[in-house]
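Asker: Here is how the chains run, residue by residue.
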Amino acid sequence: METLSLTVNGVRQEITCDPSTPLLYILRNDLGLTGAKLGCGLEQCGACAVMIDGEATFCCNRPVGEITEKDIVTVEALSNDPVGAAVQRAFLAEGAAQCGYCTTGIVVAATSLLKENPAPDRNAIVVGLEDHLCRCGSHARVIAAIERAAQELANG
Amino acid sequence: MANAFSSPSLPSHPGLDEWVSVKPDGRIAVKTGKVDIGQRISTALAVIAAEELDVPLDRIEMIRTVTGEAPDEGITSGSNSMMESGHAVRLATATARRHMLAQAAKRLDVEAGTLEVDDGQIRSRDTNRSVSYEKIQGNKPFEIDVDPDVDVKDPTAHRIVGEKIAPLGLSEMVTGEYRFLHDMKMDGMVHARVVRPPHYKARLNSLDEDLVARLQDSGINIVRDGSFLAVAGPDEYAVIRAAEGLFSACDWEAGDGLAEGDVFESLTANTRESRPVENDGVPQDKPVPPMADPPAGAAATLEARYDKPYHAHASMGPSAAAAISTDDGLRMWSHSQGIYFLRDAVAEAFGIDPETVRIEHVPGAGCYGHNGADDAAFDAAIVARALSGTPVLLKWTREEEHAWAPYATATSMKLRASLDTDGQIIDWNHETYGDTFNMRPRSGPNMSGAARLLSGRYRDNPPPEFIPQPAMFRHMGIHRNLDPLYTFPQKRLVKNLVRDLPLRTSALRTLGAFGNVFALESFMDELANAAGIDPVTFRLNHLEDARGREVLEAVAARMDLAADAGIGRGIAFAQYKNLKAYAAVGVELEVTDAAEIKLRRAILVGDAGEIVDRDGMAAQYDGGFLQAASWTIHEQVTWDRDGVTSRDWETYPILGFDNVPEIETVLIERPGMPFLGAGEAVAGPTGAAIANAIYDATGLRLRRMPFTPEAIRAAAMDA
Ligand code: FES
Ligand code: FES
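Heads up: the sequence lines are chains L and Z, in that order.
Residue 55 in our numbering sits at position 55 of the first sequence, with consecutive numbering throughout.
Residue 562 in our numbering sits at position 562 of the second sequence, with consecutive numbering throughout.
The set of hints was computed from the structure by calculation and includes no laboratory data.
Glycine included, C-beta positions come from ideal geometry on N, C-alpha and C.
Treat the hints with caution; some may be incorrect.
[Said to hold, decoys possible] With beta-carbon atoms standing in for the labels, derived distance ranges:
1. L:A124 with Z:T356: 55 to 63 Å
2. Z:D642 with L:V127: 34 to 42 Å
3. Z:D658 with L:E152: 19 to 27 Å
4. L:D71 with Z:D58: 31 to 39 Å
5. Z:S388 with L:D71: 42 to 50 Å
6. Z:S388 with L:N80: 40 to 48 Å
Working from the sequences, and respecting the hints, build out all of it.
Answerer: Written out as C-alpha cells, the structure reads:
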C-alpha cells in the first residue's frame, strides 16, 4: 500500500492503494466516478476510456502508480468542457445510445477527437473510434452525433 | 370492443392499482413487469401513459421492477413487451383517466363529457372550473379493475405518441451519471468473483490450502460449494488477483473435455427429436412424414443447405449481480430479463420459500436474450448466503461472459423447393436442426429451475440435469419463422432438436428465426434466379399479406436493383413469428480485393404497428441491423477439447465502426393499430440480404456464416 496523489477532474486527490491497481478501479471504487466502465479489462473495447493529459486512454490496465503526475479527466467532468458538452448534446439529439454501457467511453473518445481535429470527415471519425466497441448497434447514430457536434462547434 | 389493444398481462393482473397510481404531488407512477435492457421500453411505456392521461412526459415515473411489487409479466423477451405491457399500460391509463374524470364530474357538478384534461388538470369546458388528478386520486388506491374495453384516445388527438422523444436515462448515460448494476455501492460491501473451472466438464479436486490461508489472512473470503468456488473481499482489484491466483493453484479434474469436430456434421448426424411443424408454425406430436419426390409438374427442383454457427451474446458489460442474505431473507439486484422466474429458481436451488427472496431489477449492459445475468445473480446469492449479513457485488469477467453464458445454438437448415413452368413454387421443404433455445431457469419438477442456473451444476448435490424437450408452441425456439409467410400450395416443415452437442445454449435475440429466415430468404433468391424472375417480383408473386407486400415494395422503391459494377445489392423480408413486426431490408455492399465485405448502404423498412417512441423504434431497426450484420459477417464461437477458445473481443471479433453503412430507416405509420414489438424483426432479413447482395456482387452463393474473407475465398475456389 502506498499513498499516491492524483489529479482527477482538476482536483488533487490522495489515495492509499496498491500502486499496481489499474486506474479504472481507483476511479470507480475510491473516487466514486463510475462513468468509466469495465467492459473487458483487456484494452480491447474502450468502455473504460478517460482522458490522460488530454488523450483518450483505456485505463482498465494502467497501473495508477504510473500516472500520478498526469492530468486525468473523466466523463463526469466533460459537461464543463465546451467540446465535451457539445458532444453530449449531440448524442442526445441523435439518440446515440441504447443500453449506454459503451457510451461514456465513446463520449470521451469523441471529445478527444474533436479537440484534436475540429472538422473530422467521416473517415477520421471512424479512425478515432476504431478501438471502441458497441454491442447494441448504436454505431450509425454515434457517427452522426459526432458529425453534429463538429458542426455545432464550427457554427459557434 | 372499444379499442384494438388486448394484453395477456391483464388477466393475471387485472387491478388498476397494480399498474398506475397518482402521487400527492401529481406525478403518475407506472408499474410494469418489463425491464430496460437497452431497448428503451420504459420510454415507450411512459409515452403511452403520458399521452393517455394528458400529462407531460416528465410527470410519469417509471417504477423499478421488483418481485412482489411489479406485475409479473414473465420475461422481457420475444418482442412481446409492447404488446403485453404497452397494451396493458394504455388500457390501465385510459381506465384511470375515465375513472378520475367521472369523479371530477361529480365534484364539479358537470357532465363528464364536458371535461378535458391539460397538464393533469381536469377542466370543464362549460364552467371553466377545474380540479387536478392529485386532488381526486392523490395517494388513494383506485380499487377498480382495468377495463379491457375502455375507450382509448383517438390517434388523431395524440400529442407525443409517435413523436421523437429523448429516451429516459440518455442524458445520464452521456454524463456518466446513469447507474448500472455494476456501479452499486453499499455500506460494508464486498466485491466477489467466481473462480470457474477451465471448461464445462472440469471439476474441482482440491485447493492449494497454503494459498487459501494466505488469501484469508489478507482479508479475502473463499467460498466453496463442491466445484463452485468464489472469492470476496473489500478491495475489488485484490479480489480479481486472488481469483486469478486461486484458479492457477487449483487442482482441476479435466474429465473428457468438450466434444470436438465439425458441429455442422453433428447437427444432421446426432440423435434428435423431430417434429413436423404445421398450422402456421405449430409443431405436432406425430411422426415426421417422409419427404416425397418432387411433384410431377415440377419444371425445376432446387436443394440447398445453410448453416449458422454458435453465436455469443457478448454483452458489452460482463454480467453482474448484488445480494445480501439476512434473517429477513435474501435480497438481490439483477439485470435478469425475468426476475420472477429467477426468484423461483433461486428459491428452488436453496430450498427456501420464494416469498423470502426479493429481486430488484437494475439495468446492466445491453442484453439480447438469456445471457449471464441470471447465472451471475445465483452466484452472488451463493456468496451472500456464505457471508451472511454482508452485501456482495459480484461481477463476471469478460472471459466468463464469452465462455460461460449460454449461446445461440448453431443451426443447419436444409431446403428443397420445386418450381412450375411459370416460375411459381409448387412444393416447399424446410428442415431445421439445432440445440435448444429454451434454457432459462424456470422452476418446476426435478428442480428444473435450479438445474438451469449455471453454478447449480457445480455445487455439491447438483439437481438432476435438465433435458430440454422440443418446444411445442407456435413459432417457439428452433422453428421460429420456419413456416414462411408466403403462400405455397404444399409445405413440409420439420424441426429437429439435436442431442449431444458441445456447448451450452439458450435464448438469443430471434431464437431460430435468424437462421431460418437467412435460409429461406436466401433460397427465395436462388429460386427467383432459377425462374428468371427478379427477386422482388418473385416474392410478391407468392405473398398475399398486404402489410408484407407494402414493406417489400417500399424497400424495392428505394433501391435500384439494376446491375452496377462492383456493387452488390440484395433484399430480404420477414414478419417476425409471422405475427409481430415486419421488416424488409435492402443492402448495398462491395466485396473488396481482400475478400472483405464493405457495407455501403442499408434500407430498412419496418411496420411494427402504431409508433409510440419513434426514435426508439427506429433504433431497434438500425441497431438490430448492425448487430445481425455483425453475426453474419464476423461471428462464431470456437472451442476445442480444453474449452471455449473465443474468450474475448480478439478471438470473437464483432462489427466495428469501420463497417457502418449509411442507413435509411423507414417506419410505416399505423396509427391506432396494435403494437407489434420491433426488437427482433430486422435480424433474419439482414443475414439473407447480405448473402443475396454478395451473390449479386460476385456470383458466389454463401450458405454458411460467417462471411469472412476466408469463407469468400473458399467459395471462389469452389466456384
Ligand atoms: S474495459 Fe478497458 S478497454 Fe475494455
Ligand atoms: S449502446 Fe449498448 S453497447 Fe453500445
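Asker: Hint by hint, note whether the structure agrees.
Answerer: Cross-check of the supplied hints:
| no. | hint | in the structure |
| --- | --- | --- |
| 1 | L:A124 with Z:T356: 55 to 63 Å | holds, 57 Å |
| 2 | Z:D642 with L:V127: 34 to 42 Å | holds, 37 Å |
| 3 | Z:D658 with L:E152: 19 to 27 Å | holds, 25 Å |
| 4 | L:D71 with Z:D58: 31 to 39 Å | holds, 37 Å |
| 5 | Z:S388 with L:D71: 42 to 50 Å | holds, 44 Å |
| 6 | Z:S388 with L:N80: 40 to 48 Å | holds, 44 Å |
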